[in-house]
Amino acid sequence: MGFFKPRFPDVDPDTFLRKPLMERGRILAQSWVEYGFPSPRMVHAIYILKLIFGYALGVVIVATLTSGLPAFWHVAAWWNQPIVYQKVILWTVLLESIGVAGSWGPLAGKIKPMTGGIRFWTRPGTIRLRPWKWVPFTKGDRRTLLDVALYVALLVSVAVALFSPGVPSDSLSAALPGNTSGLVSPALLIAPMVLLVLVGLRDKTIFLGARGEQYLPAMFFFAVLGFANFADMIIALKLLIVVVWVGAGASKFGKHFANVIPPMVSNSPAIAFRWLKRAHYRNFPRDLRPSRLAEVMAHAAGTTVEVLAPLTLLFSTNKWLTLAAAALMVSFHLFIISTFPLAVPLEWNVLFAYATIFLFLGFPAWQGYGVTSMSSPWLLAAIVAALLFFPILGNFRPDKVSFLPSMRQYAGNWASAVWAFAPGTEHKLNKVTRSSKNQLDQFIDFGYEPQWAEITMQRSIAWRSMHSQGRGLFSVLLKNLPDIDTRTVREGEFICNSLIGFNFGDGHLHNEDLIAAMQTQAAFEPGELVVVWVESQAWGSKVQHYKVIDAALGVLERGTWKVADAVAEQPWLPNGPIPTQVTWSLRGRRERIRDGQEREHGALA
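Residue numbers (the numbering used here): 1268 to 1872.
These aren't lab readings, by the way, just hints derived from the structure by calculation. Backbone N, C-alpha and C fix where the C-beta goes; we use that ideal spot for every residue, glycine too. Just so you know, not all the hints are guaranteed correct.
What the hints assert, rightly or not - DSS-like, lysine-lysine: derived pairs with alpha carbons at most 25 Å apart:
hint	residue 1	residue 2
1	LYS1746	LYS1829
2	LYS1667	LYS1400
3	LYS1829	LYS1667
4	LYS1667	LYS1814
5	LYS1272	LYS1704
6	LYS1522	LYS1809
7	LYS1829	LYS1522
8	LYS1829	LYS1809
9	LYS1406	LYS1667
10	LYS1814	LYS1829
11	LYS1809	LYS1286
12	LYS1698	LYS1406
13	LYS1379	LYS1698
14	LYS1809	LYS1667
15	LYS1667	LYS1746
As the list claims (entries may be wrong) - Across the chosen pairs, the derived CB separations fall in these ranges:
hint	residue 1	residue 2	range
16	LEU1413	VAL1342	55 to 61 Å
17	LEU1413	PRO1280	46 to 52 Å
18	ARG1664	GLN1634	37 to 43 Å
19	LYS1400	VAL1342	33 to 39 Å
20	ARG1541	VAL1434	52 to 58 Å
Take the sequences, apply the hints, and build the full model.
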């Protein structure tokens, strides 16, 4: 794979594109094993430079310059300063809200231009997705000048808090007598919190893009606890990060996560040995199910570490045990960074690596910052209950809560979709008000030949097929669309970010609401665009619930498949579609209505 040129599969493009869909999927899945998403190394270099200079160095310079601290190269003088941690959070919120942190660039499906976010969210007429239809003053699915004003106000309010100097805190001074930098003023945190909620009630995309489910509680703890009891603030922040870790770890128990590890490892530019990538599959190239090594990586090096190490950090009063657990979690996040996951949450992982060091080594339990040192057991209970509410609800009722507040990061148990366009109809998406073209056109603008641009787009659906829900999605496609081999099939995540400027693995952002909003301008005819969409598996259930949605007609079919059947198959379904159970269909409903009308007519006659 070259620095400037991608590595394409060893196929004749014209011949390849004439093959049946699942045969194309087989070839591309096998290619993914050794090469991942074959971006030029230049792309990874851009991400690394952005991460080092745009994020890490940028925030340290801003935090030290605006807080009266020594220059950024005096690491010992600032690494454990509370205001630095506060400003790292605010800097991250600002970059995420703009759209230049996670879900940025070619690996997230943004090729040219590489930024979504702000380019969509400051443009009236683009699609917005309200989380709840019953909330007053949120009606509609298009961005207005009010939405743009609220969004810009959010960015300004975060920037004001970020660039303002700290203010003294008696509670902080009592805990750290030598501290001179203070804390971010609570008054400056009110506006970002209120605006993030208001913006989120009108458009959940921005709230999730800003990672409000994690940073809003942090800002709340800064504002409410920092000046009342500094130790309580630190302990609350520890509880927050531990809930994120343990919630993510707990969500990985089950059949999905082992299927995440092999394609993730295959996508890592840091792993140069193809034999090591192949070792994560059961029997490459014939059997691409996870190998024993992948299972161990998933549930020993992954799930177990993500649950036990954070709990150790939270409860340990032993210095060396805490150091070991901290080293494990820092290594955990560095490994994720090295794999360049397709939503590219690199900044988030750097933040969590730093948070591990700041919270648990900078303010260890044996110095009065243990979980049992909180000033009130009632406060402790209230914080724990509040932090656990959405992860518990979201895993029992994934249809009600995004996978982000549910803490299912990387779990493989995702709401997902594939979109199937009739030949020559994908261009209708260009009628939708947005700030980017279809990804196919973006790749062509980036310099790819049209055939290779199309093959590159199809790599994303091959990647989807390598995960548990992919086998189910393609099974439903094959059963419902006899002409599937002639259709243009796209990964729902890529379509999503071209329509709303953001995607992060959350299928709730491209469900019926987005399809209906898109359809008002795209105007697909019946049958031209069929979407197969699936919800995450709920705790206690053995199935996933899917829908077949026609952009013009709405939901055509609902049903389920067993997760065990999905993970037992190969990505390209050599044995045909996995079994599915139809629970409702529009065709069946129409037939029942027709039969009822005929019986009624006969009785009257």
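Hints, one by one, checked against the model:
1. About 16 Å separates the Cα atoms of LYS1746 and LYS1829, which keeps this hinted pair within 25 Å; it holds.
2. Note on LYS1667 and LYS1400: the hinted pairing holds, with a Cα-Cα distance of about 13 Å set against a maximum of 25 Å.
3. The hinted pair formed by LYS1829 and LYS1667 meets the criterion: a straight-line CA distance of about 21 Å does not exceed 25 Å.
4. Taking the CA atoms of LYS1667 and LYS1814, the gap is about 16 Å. The hint holds against a cut of 25 Å.
5. Simply put, LYS1272 and LYS1704 have alpha-carbon atoms about 22 Å apart, close enough for the 25 Å limit, and the pair holds.
6. Distance hint between LYS1522 and LYS1809 is fulfilled; the C-alpha atoms sit about 10 Å from each other, no more than 25 Å.
7. In summary, the hint linking LYS1829 to LYS1522 is supported, as the alpha carbons are separated by about 11 Å, within the 25 Å threshold.
8. Note on LYS1829 and LYS1809: the hinted pairing holds, with a Cα-Cα distance of about 6 Å set against a maximum of 25 Å.
9. For the proposed pair LYS1406 and LYS1667, the alpha carbon gap of about 19 Å is at most 25 Å, so the pair holds.
10. Distance hint between LYS1814 and LYS1829 is fulfilled; the C-alpha atoms sit about 15 Å from each other, no more than 25 Å.
11. The hinted pair formed by LYS1809 and LYS1286 fails the criterion: a straight-line CA distance of about 34 Å is larger than 25 Å.
12. For the suggested pair LYS1698 and LYS1406, the alpha carbons sit about 22 Å apart, so the restraint of at most 25 Å is met.
13. Distance restraint check for LYS1379 and LYS1698: the Cα-Cα separation of roughly 18 Å lies within the 25 Å cut-off, and the hinted pair is therefore satisfied.
14. For the given pair, LYS1809 sits about 18 Å from LYS1667 by alpha-carbon distance, which is consistent with the 25 Å threshold.
15. For the proposed pair LYS1667 and LYS1746, the alpha carbon gap of about 28 Å is over 25 Å, so the pair is violated.
16. The hinted window of 55 to 61 Å between LEU1413 and VAL1342 is violated, with their beta carbons roughly 44 Å apart.
17. Range check, LEU1413 to PRO1280: Cβ separation about 47 Å, and the 46 to 52 Å hint holds.
18. Between ARG1664 and GLN1634 the Cβ separation comes to about 40 Å, which falls inside the hinted range of 37 to 43 Å.
19. Remark: the range hint 33 to 39 Å for LYS1400 to VAL1342 is contradicted by a beta-carbon distance near 50 Å.
20. Restraint check, ARG1541 to VAL1434: a C-beta distance of roughly 55 Å satisfies the suggested window 52 to 58 Å.
In summary, the structure is inconsistent with hints 11, 15, 16, 19 from the numbered list given earlier, while agreeing with the others.
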